[in-house]
Amino acid sequence: MKPNIAIITSGYLPLPPVKGGAVENLVQLLADENEQKNKLDLTIFSIYDKNAKDESVNYKNTHYVFIKIPVIIQYLDLIIYFIFKNIFRKKNISSYRYIVQRLYFINKVSKHISDITYDKLVIENHPTLLSVLRTRKNFLKYKGRYYYHAHNEITNEFGNHKYLINVKEFICVSQFIADSISEKLGIKNKTKFVILRNKVDEQKFRSITEEQRKKFKVKYNIPDDHIIFTFSGRLNPEKGIKELLLAYKKARPKKSKLIIAGGYFFGSNLKSTFEAELAKISKDISKDIIFTGNIDYKDMPCLYAISDVMVLPSIWNDPAPLTVIESITAGKPLITTYSGGIPEYVDTNDAIILPIDNVLISNLTKAIIKIASQEQVRNKLAMAAKRESKIWTKVSFYNDFVRIINSK
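In terms of my numbering, the sequence shown has 384 at position 380, counting the first letter as 1, and numbering is strictly consecutive.
Quick caveat, the hints were computed from the structure, so don't treat them as lab data.
These numbers come from a predicted model, not from an experiment.
Be aware that one or more of the hints could be misleading.
Below 30 angstroms or equal to it, Euclidean Cα-Cα: the simulated DSBU-like pairs (lysine-lysine) are [what the hints assert, rightly or not]:
1. 172 - 147
2. 302 - 208
3. 124 - 398
4. 89 - 43
5. 194 - 145
6. 253 - 221
7. 112 - 124
8. 23 - 390
9. 188 - 124
10. 287 - 374
11. 64 - 41
12. 219 - 172
13. 208 - 145
14. 253 - 370
15. 57 - 112
16. 124 - 192
17. 89 - 64
18. 223 - 72
19. 398 - 374
20. 141 - 188
21. 412 - 194
22. 412 - 188
23. 302 - 43
24. 398 - 384
25. 246 - 258
26. 208 - 23
27. 89 - 124
28. 246 - 374
29. 23 - 370
30. 72 - 112
31. 172 - 253
32. 370 - 172
33. 64 - 124
34. 54 - 302
35. 112 - 147
36. 23 - 398
37. 43 - 147
38. 172 - 196
Based on the sequences and whatever the hints tell you, model everything.
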């Protein structure tokens with residue numbers, strides 16, 4: 005009999021991931037593969053979205069439970085966001101965008117998992133979601149049967165220390181994350197940590213036709229003889245996008261374009277003062293820089309297909325960025341940094357990896373000049389990435405997840 009598994013997502017972005025989101029796309033990968041393998045009786049809790057609900061009817065082996073947010077909750081969140089942005093002038097304003105919505109979502113999920121019994125729960129990536137265990141005797145009901153899928157370091161326990169230390173297993177995207185959580189929570193038992201490396205749907209990134217490539221280049225008015233550098237991700241300081249713009253501005257490789265794909269917050273029109281700063285930096289080289297905003301995830305394979313080099317110079321402890329995984333899967337050269345879990349996914353055979361220090365911009369400039377001027381370097385890195393990508397499959401991701409859930 006198939007295990008009955010419930011996955012509790014963020015309460016921010018919907019699944020299926022019609023509005024994007026890195027974690028959301030990884031969860032969806034499990035649902036997609038479960039349609040083929042059917043090893044799990046899968047339930048996914050998601051925030052309500054009409055397009056997501058319409059998409060969900062295509063899934064026979066996954067049950068989506070949508071939580072619809074009342075209009076009054078949405079207005080309360082807008083007021084809170086306005087206060088923190090304009091009165092308290094908080095820098096990381098996206099953290100204050102959906103506070104009440106998440107609390108409402110947690111309460112509704114808590115009731116649902118109380119009314120219906122699941123064999124196991126998987127909590128996706130945020131300690132606040134463990135609050136579903138606080139009420140209705142859910143902790144006693146699911147003790148020894150709930151997992152925490154960690155995509156990021158835990159910096160705040162939100163009063164849920166009890167539920168964190170009683171997790172059956174932490175499913176971590178990298179050893180870096182496992183070590184960080186172990187130290188943060190003081191958990192000495194290493195058997196409570198298991199590594200599940202992120203993957204993407206390799207077929208989507210390897211099946212782009214020449215006609216699709218040409219159309220995508222035309223869309224952004226990019227000449228065929230130009231080398232395309234691409235950054236994909238949130239436009240946050242820790243992603244190193246400012247350093248990249250400054251380095252590209254210094255390098256100014258001939259016949260090249262820099263594509264900046266992403267926004268401050270996935271699937272939203274939130275803007276930040278940091279984005280204004282980026283626009284100012286790029287003003288005098290604007291003809292060579294393309295800000296696309298958020299791109300629909302279904303179009304991401306086309307973005308990679310037209311790109312000659314991917315660049316992700318993270319300056320924080322990046323756990324396991326999808327840009328790195330997508331780059332290797334698409335067989336693209338990569339410039340990145342010795343950041344967090346990144347070195348667990350790539351090495352110097354398939355990427356140029358730079359230290360995070362006070363000469364990062366200078367080294368990034370040199371790397372851009374080198375890879376732009378030396379086709380043999382680009383080809384060598386691309387060939388190594390293609391070799392590595394052969395074992396990076398969605399099937400392996402799904403099978404590893406099922407193995408973890410079925411163990412012990």
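Output the numbers, in ascending order, of every earlier hint that fails for this structure. Violated hints: 4, 12, 13, 17, 18, 19, 27, 29, 31, 32; rest satisfied.
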